[in-house]
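Position one of the sequence shown corresponds to residue 1 (the working numbering), numbered consecutively onward.
I should point out that these hints are in silico values taken from the structure, not numbers from a laboratory. Do not rely on the hints blindly, as some may be mistaken.
Pair by pair, the computed Cβ-Cβ distance ranges are [what the hints assert, rightly or not]:
| id | residue 1 | residue 2 | range |
| --- | --- | --- | --- |
| 1 | R28 | A174 | 44 to 54 Å |
| 2 | E150 | A56 | 37 to 47 Å |
| 3 | A174 | L142 | 34 to 44 Å |
Here are the simulated EDC-like cross-link-like pairs (lysine to aspartate or glutamate), alpha carbons at most 16 Å apart as the crow flies [claimed, not checked]:
| id | residue 1 | residue 2 |
| --- | --- | --- |
| 4 | K82 | D95 |
| 5 | K38 | D67 |
| 6 | K82 | D57 |
| 7 | K82 | E32 |
| 8 | K38 | D57 |
| 9 | K12 | D92 |
| 10 | K82 | E18 |
| 11 | K70 | E60 |
| 12 | K12 | E60 |
| 13 | K70 | E108 |
| 14 | K12 | E52 |
| 15 | K38 | E18 |
| 16 | K82 | E60 |
| 17 | K12 | D47 |
| 18 | K70 | E109 |
Remember, predicted model here, so these are calculated numbers, not experimental data. Glycine is no exception: its CB is placed at the ideal position from the N, C-alpha and C atoms.
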Amino acid sequence: GVTLSSAFTVQKALELYEANHLSRLARRTQEEARRPLKNILLTPWADRPLAEIARADIREALAAIVDAGKPIAANRALANIKAFFGWCVSEDRLDVNPCVGIRPPGGEERSRDRILSHEELRFLWPVFEEADYPFGFLAQFLLITAQRREEAASMRWSEVSDLDGKNPVWTIPAVRTKG
1 GVTLSSAFTV QKALELYEAN HLSRLARRTQ EEARRPLKNI LLTPWADRPL
51 AEIARADIRE ALAAIVDAGK PIAANRALAN IKAFFGWCVS EDRLDVNPCV
101 GIRPPGGEER SRDRILSHEE LRFLWPVFEE ADYPFGFLAQ FLLITAQRRE
151 EAASMRWSEV SDLDGKNPVW TIPAVRTKG
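Put together the whole structure using the sequences plus the hints.
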């Protein structure tokens, strides 16, 4: 096996992770992963040997995020840190992922079922009409279709059937929908 070197620091591991793993992911995914990795791992522990980071260290850092009133951010941070340490294990840079056994510190997340009321819709429609093109139009489109911004932005005319008829239907390809 590979000898785990005390010279293999958190900073070195993060540089390799970014170059060999994060750089292959979508830009937004990269950005979401970099923030907790930098704030939780790199800033306080850059020169610390990677193998010395313990479960208690990670729990303490995540608890500080929860204490700051950001429980969901703490859950996202755990997911990104767990992925980083998992990559380190898969690359033989670490024997054990110190995140194993840590439950999401922000508790269980629940999906939101928020629906705008008729009064809210009546208020928003004219506000969106006043907005500059294409933003107002896009906001109205999102409002009436109840779709995510990125799904609407990626819409293609070829996805709309019966365009010239009275009942056009937009069918979003499964590969582009969340869930």
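Holds or violated: K12 to D47, with C-alpha atoms at most 16 Å apart: holds (9 Å)
Restraint check for K82 with E60, where alpha carbons must lie at most 16 Å apart: Given that 16 Å is the threshold and the Cα spacing comes to 15 Å, the pair holds.
K82 paired with D57 [C-alpha distance capped at 16 Å]: Distance of about 13 Å is within 16 Å: holds.
E150 versus A56 beta-carbon gap, inside 37 to 47 Å or not: Between E150 and A56, where Cβ atoms are some 38 Å apart, the hint holds.
Holds or violated: K82 to D95, with C-alpha atoms at most 16 Å apart: holds (14 Å)
Straight-line alpha-carbon gap K70 to E60, limit 16 Å: holds (14 Å)
K12 paired with D92 [C-alpha distance capped at 16 Å]: Cα-Cα ~14 Å, so holds.
K38 paired with D57 [C-alpha distance capped at 16 Å]: Distance of about 15 Å is within 16 Å: holds.
Hint consistency between K70 and E109 [alpha-carbon to alpha-carbon, up to 16 Å]: holds (12 Å)
Proposed proximity, E60 with K12 (alpha carbon, max 16 Å): Violated - the C-alpha atoms of E60 and K12 are around 22 Å apart, more than 16 Å.
R28 versus A174 beta-carbon gap, inside 44 to 54 Å or not: Distance hint for R28, A174 is violated at roughly 20 Å.
CB-CB spacing for L142 and A174 relative to the 34 to 44 Å hint: violated (20 Å)
In the structure shown, a violation is registered for the earlier hints numbered 1, 3, 5, 12, in ascending order.
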